[in-house]
Amino acid sequence: MRKRKDISRWIMILPATILIGFALFYPVISTVIISFQDRSLFMPTMATFVGFQNYRDILSSSEFWNAMKVTVYFTVVSVGAEFVIGLFSAILLNQDFAMKGFLRALVILPWAIPTVANGVLWQWIFDANYGALNGILSQFGMIEDYINWLGEPFRALNMVIIADVWKNCWFFTIVLLGALQTIPKSYFEAAEVDGAGFWNRLFRVTLPLLRPAIAVSLVLRTSEAFKVFDIIYIMTKGGPANGTQVLSYYVYHTSFEALSLGQGAAISTIIAVVILLAALFYTRLLMREEVEINA
Amino acid sequence: MKKFLVVVLSVLMVLMVFGKVTIRVISSDDFATFRKEAIKEFEKLYPDIHVELISVGYNQLYQKIVTTLAVDPSAFDVIDVDCIWTPEFVEMGLLEPVDDRLTEDMKKNILPSVMRIMQYKGKTYGLPMFDDVLFFYYNEDLLKKAGILRPPATWDEFVAFSKILQEKGLVKYGSIWGWAQAEGLICYYTLLLGSFGGRWFDENGNPAFNDEAGVKALQWMVDAIYKYKVVDPASINSDDRAMLHAVAHGDVAFGFNWSFAWTIFNDPEQSTQVGKIKVALVPSGKPGIVSNTSSGSMGLGITRGSKHKDAAWKFIAFLASRKEQKIQAIKYGAMPIWEDLYHDPEVLQKHPEFEPMLNQLYYVMDRPSLVKYTQFSRILQIYIQKALTRQMSPKEALDRAAKEVKKLLGRK
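Those protein sequences? They're chains A and B, same order as listed. If you use my numbering, the first sequence closes out at 295, no skipped numbers anywhere. If you use my numbering, the second sequence closes out at 1412, no skipped numbers anywhere.
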């Protein structure tokens, strides 16, 4: 009786396993295989095994390291800002006040906008001649001349980050707000009775209890930010002077414009390894079994 | 059973008679309005051929053609080929030679300078659709208001006139360009390179764009933004399509663009300057050089994987026909491919800017013809942008670009 149940269990999950296997593992494995080949889009049959040559070429190219720098900066700054804004807005929305329900619904809106639409929107806001940002700043007398927000490499990168933060910080809000609501109010009340101020409550009660939710959301957003492509493609196409060329855009260029699939696959594999390491780091740091409150 | 067979066979025969062939055409959206109208005419003429037009922005075109055909070589029957892509597309095996389809008339009377863009290693791979270069558009109305009687003939005048226009408060910047990290940047640099007396490669095929004239051209671009302040800094992140808006709304007095821009400037829905924008020769940067611009003609070719090559050719030949070329010139401002149309009284009369545009065609420089053109172009785009954003001096940027181009082409 027991055994038959075992078999039927396996049969039940078999279709899903096969599907996921094809959709997930096949591309991953074939990318890794291609990364060891000298392979171009138009001669896929002439692929030759070149060992680590692609990796050597990439790791010695300055364009790769520039893209790496841009990507790390983008990831750290945007995820950092999104986390801080998300955390405080979640704490705010967890309070009792009149418009609570309405505001909670409102924060989902930017997050629900497609990235492409968001990119076009901000591209116009930042437009040097017709953009809203220049219009507002000059009307308030804060700038004399219109600023070309996307015209300088480092400034353009920061501007893209702003556009990304505006859209994605609400993801943290939603996840953390959900987690906050599972924390019994009595914990905060007890801390308050003990004389803990806002910051004490935040660091000693809220954050430790939010740890699992923070870990999950940070891992998700970090890996997403590290793979960022669409908003860059829409807003700057990697320019000016490669100042906003992130790794994924570099992969896109290498594989689909320069048509060298082997090198593109090698960069993709490097990205995957970096994200894996980051995820391990986060889970080690944040995902502990028990949660203790240091009161 | 017999009855059944008869029914099936007759149905098949009916299908064969009335069966329509569908050809899929991918093309840049620059002349989309004209091509959509032409397709209607074509389908009237050939009721058994249905044309499906996929029009995409120029900057997505190369990638869309290449990646789609890599997966399915028969996905498109007709592709839009920019002059710089011909060698690469032929080497990739994307294009079908059409030499035995060309008529005597085509061989004799299509301008050889335009026909050349579709030729590689002695074979022809399609027909050009227009003779295009970057034209110098200026806003006559704004110049008049500033008391300037003629368009600038040299870059010094260009700067001086821009300053007058700016000082009088008529415009914020004299001109806007499309210097963003895209193919357009290479066209604009080619225009300036030639006008300062430079060239891309020397006789031995070594990079020559980093010599004195090339550096001067790039230095002028940098100075025009930061020193003379007559070029809108937004040029650094606008491509050759994005900059059209400012010209079409009189926000700048000068702009350089392809022939399709002429339709946009004169379309009341997209422009407030209808009838005010004229064409003049591109200014010169060196005594002895009258003018120079960059060529940018495009043509249509048949894909090697196409299953309807005859129908595809009929379509290409139709768009290239004198009748359609005439409509394209008169209504849409493009320069025709037929030599005789340049003397056609109707074209001369009805195309208001035909004469100045024709004059420009005598002063043209091509971008290099290389199998690795896309990679070459990207190297140049990045280094020119490094100079434009003042991360490198023009000399340093061009020297580094020349070094990488040498490596790309396998030269020591």
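Honestly, the hints are just simulated from the structure, not real lab data. All values reported here derive from a predicted model rather than from experimental measurement. Possibly wrong hints are sitting among the right ones.
Below are the SDA-like pairs computed for lysine to any residue, each with C-alpha atoms no more than 20 Å apart in a straight line [claimed, not checked]:
id	chain 1	residue 1	chain 2	residue 2
1	B	K1323	B	G1019
2	B	K1372	A	S61
3	B	K1064	A	F256
4	A	K237	B	K1216
5	B	K1403	A	S62
6	B	K1403	A	A258
7	A	K227	A	N158
8	B	K1323	B	R1304
9	B	K1372	A	F256
10	A	K237	B	Q1391
11	B	K1172	A	K227
12	A	K237	B	Q1375
13	B	K1406	A	A258
14	B	K1064	A	E192
15	A	K237	B	K1064
16	B	K1407	A	D38
17	B	K1064	A	Y130
Taking the hints in turn, this is what the structure says about them:
Restraint check for B:K1323 and B:G1019: the C-alpha separation of about 28 Å exceeds 20 Å, so the hint is violated. A distance of roughly 19 Å separates the Cα atoms of B:K1372 and A:S61; the hinted pair therefore holds under the 20 Å criterion. For the suggested pair B:K1064 and A:F256, the alpha carbons sit about 9 Å apart, so the restraint of at most 20 Å is met. As the CA atoms of A:K237 and B:K1216 are separated by approximately 28 Å, the hinted pair breaks the 20 Å bound.
With a CA separation close to 14 Å, the supplied pair B:K1403 and A:S62 stays within the 20 Å bound. For the given pair, B:K1403 sits about 19 Å from A:A258 by alpha-carbon distance, which is consistent with the 20 Å threshold. As the CA atoms of A:K227 and A:N158 are separated by approximately 17 Å, the hinted pair is consistent with the 20 Å bound. Only pairs whose Cα atoms come within 20 Å are accepted, and B:K1323 paired with B:R1304 is rejected, the gap being roughly 28 Å.
For the hint pairing B:K1372 with A:F256, the CA-to-CA distance comes to about 14 Å; that is within 20 Å, so the pair holds. Only pairs whose Cα atoms come within 20 Å are accepted, and A:K237 paired with B:Q1391 is accepted, the gap being roughly 19 Å. Restraint check for B:K1172 and A:K227: the C-alpha separation of about 39 Å exceeds 20 Å, so the hint is violated. Between A:K237 and B:Q1375, the direct Cα distance comes to roughly 16 Å. Compliance with the 20 Å bound is thereby established for this hinted pair.
A C-alpha spacing of about 17 Å is found between B:K1406 and A:A258, which places the hinted pair at or below 20 Å, so the restraint holds. Pair hint B:K1064 plus A:E192 does not hold up; C-alpha atoms about 62 Å apart against a cutoff of 20 Å. Between A:K237 and B:K1064, the direct Cα distance comes to roughly 16 Å. Compliance with the 20 Å bound is thereby established for this hinted pair. Using a Cα cut-off of 20 Å, the hinted pair B:K1407 and A:D38 holds, with the two alpha carbons roughly 18 Å apart.
Only pairs whose Cα atoms come within 20 Å are accepted, and B:K1064 paired with A:Y130 is rejected, the gap being roughly 31 Å.
Of the hints listed earlier, those the structure fails to meet are numbers 1, 4, 8, 11, 14 and 17, in rising order.
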